[in-house]
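Protein chains in written order, with this note's numbering: chain A, 1 to 368; chain B, 1 to 373.
Calculated from the structure, these hints are not laboratory results.
The reader is advised that the hints may include incorrect statements.
Stated by the list, open to error - Here chain B is said to cover these stretches of chain A; the calculated rule only asks that three of the stretch's residues, wherever they fall, bring their Cβ under 8 Å from a Cβ of chain B:
#	region
1	78 to 87
2	255 to 267
3	273 to 280
Using N, Cα and C, we set each Cβ at its ideal position, and we do this for glycine too.
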Amino acid sequence: MSLSDRPTPDLPSLDATPSRPARAAGRRGFLLGSAAIGAGALLAGCTSNEVGTDDAAAPAPAAEGSTSATGAPVTIGFAGPQADHGWLNAINEQARAEAERYPDVTLEVVEGTNDAAAQSGQIETLINRGVDVIVILPADGKAMTQSGLAAMQAGIPVVNLDRIFDTPRAYRLWIGGDNYGMGVSAGHFIGERLRDRPEARVVELAGIDNLELTQQRSQGFADALAEYPNIELVARQAAEFTVQSGQEKMAQLLQAVPQIDAVWNHDDDQGVGAEQAIRQAGRDEFIMVGGAGSRHVMDQIKADNTVIKATVLYPVTMAASAIACARLIAQSRALGDLRETEVPTSITLHSAVVTKENVDRYLPIAFT
Amino acid sequence: MSTSAGGPSLDKPRRGPESTPTPASGAAGTAAARSTGGASTTTPPTGDGRRSGAWARLTGGGGVRNLGLVGVLLLLVLVGAITSPDQFLSTSNLVVILTQASVIGVVTVGMTFVIIGGGIDLSVGAIVALATVWATTLATQSYGLGGILFCAIAVGLGCGLLNGVLVAYGRMVPFIATLAMMASARGLSLQISGGLTQVVQVDSVLSLGYRESRILGIPPLVIIWVAVIVLGWLVLNRTTYGRRLFALGGNPEAARLAGIDVRRQRLTLYLVSGLCCGIASFMLIVLTGSGQNTNGNLYELDAIAAVIIGGTLLTGGRGTLIGSVLGVLVFTTISNLFALNNLQSAVQDIASGAIIVIAVLIQRQSGGQSRAG
Numbered sequence: 001m002s003l004s005d006r007p008t009p010d011l012p013s014l015d016a017t018p019s020r021p022a023r024a025a026g027r028r029g030f031l032l033g034s035a036a037i038g039a040g041a042l043l044a045g046c047t048s049n050e051v052g053t054d055d056a057a058a059p060a061p062a063a064e065g066s067t068s069a070t071g072a073p074v075t076i077g078f079a080g081p082q083a084d085h086g087w088l089n090a091i092n093e094q095a096r097a098e099a100e101r102y103p104d105v106t107l108e109v110v111e112g113t114n115d116a117a118a119q120s121g122q123i124e125t126l127i128n129r130g131v132d133v134i135v136i137l138p139a140d141g142k143a144m145t146q147s148g149l150a151a152m153q154a155g156i157p158v159v160n161l162d163r164i165f166d167t168p169r170a171y172r173l174w175i176g177g178d179n180y181g182m183g184v185s186a187g188h189f190i191g192e193r194l195r196d197r198p199e200a201r202v203v204e205l206a207g208i209d210n211l212e213l214t215q216q217r218s219q220g221f222a223d224a225l226a227e228y229p230n231i232e233l234v235a236r237q238a239a240e241f242t243v244q245s246g247q248e249k250m251a252q253l254l255q256a257v258p259q260i261d262a263v264w265n266h267d268d269d270q271g272v273g274a275e276q277a278i279r280q281a282g283r284d285e286f287i288m289v290g291g292a293g294s295r296h297v298m299d300q301i302k303a304d305n306t307v308i309k310a311t312v313l314y315p316v317t318m319a320a321s322a323i324a325c326a327r328l329i330a331q332s333r334a335l336g337d338l339r340e341t342e343v344p345t346s347i348t349l350h351s352a353v354v355t356k357e358n359v360d361r362y363l364p365i366a367f368t
Numbered sequence: 001m002s003t004s005a006g007g008p009s010l011d012k013p014r015r016g017p018e019s020t021p022t023p024a025s026g027a028a029g030t031a032a033a034r035s036t037g038g039a040s041t042t043t044p045p046t047g048d049g050r051r052s053g054a055w056a057r058l059t060g061g062g063g064v065r066n067l068g069l070v071g072v073l074l075l076l077v078l079v080g081a082i083t084s085p086d087q088f089l090s091t092s093n094l095v096v097i098l099t100q101a102s103v104i105g106v107v108t109v110g111m112t113f114v115i116i117g118g119g120i121d122l123s124v125g126a127i128v129a130l131a132t133v134w135a136t137t138l139a140t141q142s143y144g145l146g147g148i149l150f151c152a153i154a155v156g157l158g159c160g161l162l163n164g165v166l167v168a169y170g171r172m173v174p175f176i177a178t179l180a181m182m183a184s185a186r187g188l189s190l191q192i193s194g195g196l197t198q199v200v201q202v203d204s205v206l207s208l209g210y211r212e213s214r215i216l217g218i219p220p221l222v223i224i225w226v227a228v229i230v231l232g233w234l235v236l237n238r239t240t241y242g243r244r245l246f247a248l249g250g251n252p253e254a255a256r257l258a259g260i261d262v263r264r265q266r267l268t269l270y271l272v273s274g275l276c277c278g279i280a281s282f283m284l285i286v287l288t289g290s291g292q293n294t295n296g297n298l299y300e301l302d303a304i305a306a307v308i309i310g311g312t313l314l315t316g317g318r319g320t321l322i323g324s325v326l327g328v329l330v331f332t333t334i335s336n337l338f339a340l341n342n343l344q345s346a347v348q349d350i351a352s353g354a355i356i357v358i359a360v361l362i363q364r365q366s367g368g369q370s371r372a373g
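Using the sequences plus the hints, can you model the full thing?
The following block contains the structure:
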């Protein structure tokens, strides 16, 4: 379909009497063609997501002091997840940003993946390259245990990030979030808010049900709510950490329970969908507590104009801390204010509740 | 669909009467009616016969086959009315069911075209993901509602065009061509979004999902779905294009010999599917207020399942749009029932598998009766 296809009424064409259909088809072709070109031009300009992105490398409140002094050069190998979720994406960014803070650290990042087989190949590569320490967020904690063991046996300390290996022999340090604690924090927050409400009805929008972490979060939530006899967990549905599933399940939950007092949503990313479902149903009689701590949700908590009143943190800063600890381990140094001469073997992070009162403290570590 | 009710007779010669149970004529007439290609003695004259056949398809779906599905749906409604009468039967719940069915429903309309035409489109979910992501980038959002709508549809059509060219002119097997599209479209959507959820800030788009935008109590998304169904039904059953589609799916060689431009016809299949994906993407953006590369997860399976349960032959040449719509409604109602009764994921998965089998068995039962009768 080019310009030349267009029949020109003023000039006699070779075919003295062009048949009407052919002519119409030609014009249609031209119109379609130009529309396609216009579409292409407009579309090409539409893939950009660049609008003054605020630096994700927010200054992490790391312990200053003796630990920040430059030491022996260290090469850290980092094997992260495939960034197909806001939280995972932030993990990768935090790790990179933290490594850049230290002049004595060289970070070797391998391609993020969700495939345990591919990741064990990457760990093997890192071992062969002879990095000083490996930081890994396993695609699957249990499946990657052998890789952790292999690195440790090769004399390379492993910092296991979040998804824990099967055996402590596979890591030098485990650092990660507290899923059970997340549920407990959410439960206590809701419990205190509804303390004086008789027969309060609470709804839970869970994450992917066949993940252990979802079970732990739900268990913590149920255990915490059990302390409040006036509160009943009336409905629970599992979404899939995606906005689409969040919208779907939340819409159904709102139908199932006509009068709700509080909702706990395990994940702020799926919460984007849940929020739409709530708005679409025109409901606002309850408070909602999120999970993980996204920028979007923290902004709403701060503005205080939606049902979202709090979110339970699952700190992405763990990636930065893992890099910091890996450096100290490689340099055989201690951890800041602790009295031990070595970095501990296990660090479980606190699941803080972010509310309107303290949101400013946490905004810098929110993920987008 | 049956040959008597608007389908072409081109696929007829290759199939014996046994292999083509023709539900519409089976419902209306007898085996004799079938052997004479629908112009039976018991049904009114040909002109009226076509109309009544079409009417039967519109009301009862494709006759007995869809009646079975209507039965399944009624059964589900009965279960809902017994287990949670207050919630299930409320109008607001009906609105929720229809709204949730609308997005996958539009995709299923496109899938019905593709499967009737003898193809398959495994890329619908990935196209939806790509279109939602592409249409919700900050750059696109700056163009407002028009930009988002245009972009969603253009991406859908573009992917459909590529699929169609590969299948029709590149002579690739549809399964492989669309599988390749599935992989690359998902990859591209991950690339563009960087794995992040792109929250839509354009109020005119978001408000389409809110109560205020309902027309006579019906959400715009449901209206779009109904419009797509009506349009799809008209094209499938009332145009030469639709007849050629059945011919192509039934027997491509015969269709070619009959003078149909098989390649172009095939190309349009995937264009229609791509267009439907584009429309569905826009609806999904309205519904979720965001674009994400995980959108449309497993849509290909959901859509194919709905089409097949709806009575369309997986090998093409025969099928009904109304059946597919009923199929979608069955799936959405099941999901709704589970949530209202607070059943958890494990139970949901077991039960939905069982219900699919039961639905197909009920259908086969009614199909078998029509064959025997």
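Verification of the hints:
Restraint check on the region 78 to 87 of chain A versus chain B: 5 residues with Cβ-Cβ distances below 8 Å, three needed, restraint holds. Using a Cβ-Cβ cut-off of 8 Å, 3 residues of the region 255 to 267 of chain A lie near chain B, which meets the minimum of three, so the contact claim holds. Note: the region 273 to 280 of chain A has 5 residues with beta-carbon separation from chain B under 8 Å; the three-residue rule is met and the coverage holds.
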